[in-house]
Amino acid sequence: GENVEQHPSTLSVQEGDSAVIKCTYSDSASNYFPWYKQELGKRPQLIIDIRSNVGEKKDQRIAVTLNKTAKHFSLHITETQPEDSAVYFCAANNAGGTSYGKLTFGQGTILTVHP
Amino acid sequence: ETGVTQTPRHLVMGMTNKKSLKCEQHLGHNAMYWYKQSAKKPLELMFVYSLEERVENNSVPSRFSPECPNSSHLFLHLHTLQPEDSALYLCASSPVGGSNTGELFFGEGSRLTVL
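Residue numbers (the working numbering), protein chains in the order written: chain A, 114 to 228; chain B, 617 to 731.
These are calculated hints, taken from the structure and not from any lab test. Here a beta-carbon is modelled for each residue, glycine too, at the ideal position from N, C-alpha and C. Honestly, I wouldn't trust all of these hints.
[Unchecked claim] Derived coverage of chain B by chain A (criterion: at least 3 residues anywhere in the stretch with Cβ under 8 Å from a Cβ of chain A; other residues may be distant):
id : stretch
1  : 653-659
2  : 666-678
3  : 722-731
So that you can see chain A by itself, here it is in the shape it has in the complex:
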């Protein structure tokens, strides 16, 4: 089955700095790579995603890059703010032709942005 590795497990930055979180996946058939943000005591929420036919996607301060050959993808947050502090999860969809989602998640990264 799919295996997703995520690094680092914790990341501490100063407000205004950039933050980068990296993930690798094992199944070359995976074709959908979302990133979820989970604030303390809250539900995971999708913040950005990318599909295997695209190399990069950007949404304001957040961007995701995908390298299919190397099987890794990264989340980039620029101009970080204290409200960006949360746990971030990457995931890969190994749907295998099914019509429903079947996400395999990374271990999560605790991001702390210091004012």
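Go by the hints and put chain B onto chain A.
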């Protein structure tokens, strides 16, 4: 936001108790999922129901028993649990078929403590 609602939010039970977790979605989706979130571990997929049929069962012990009476409701029946089953149990939903983008919509979770 009440797209996916889970009850109870917190549950404490002894190892001999029987309890149930409930999930309800108001998004018109046809797939529902149970994930387990333990400390320092990735979200683990437990069960998937698509069009009210169980389509995934990821080697979950029989002390966890899912039930999906209709596309809007999902239950997780618990009996004779172990302390290591203490975790946050997250319900999620998604469309199926052509409407499925891969995104999962999570509930707030049920925090389970087994004494």
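Counting residues of the stretch 653-659 of chain B with a beta carbon closer than 8 Å to any beta carbon of chain A, are there 3 or more? That given contact holds, which follows from 4 residues of the stretch 653-659 of chain B lying within Cβ reach (below 8 Å) of chain A.
Are there three or more residues in the stretch 666-678 of chain B whose C-beta lies closer than 8 Å to some C-beta of chain A? holds (count 3)
Stated coverage of the stretch 722-731 of chain B by chain A [criterion: 3+ residues, CB within 8 Å]: It holds: at least three residues are needed, and the stretch 722-731 of chain B offers 4 whose Cβ sits within less than 8 Å of chain A.
Figure legend: structure checked against the earlier numbered hints; every hint is met.
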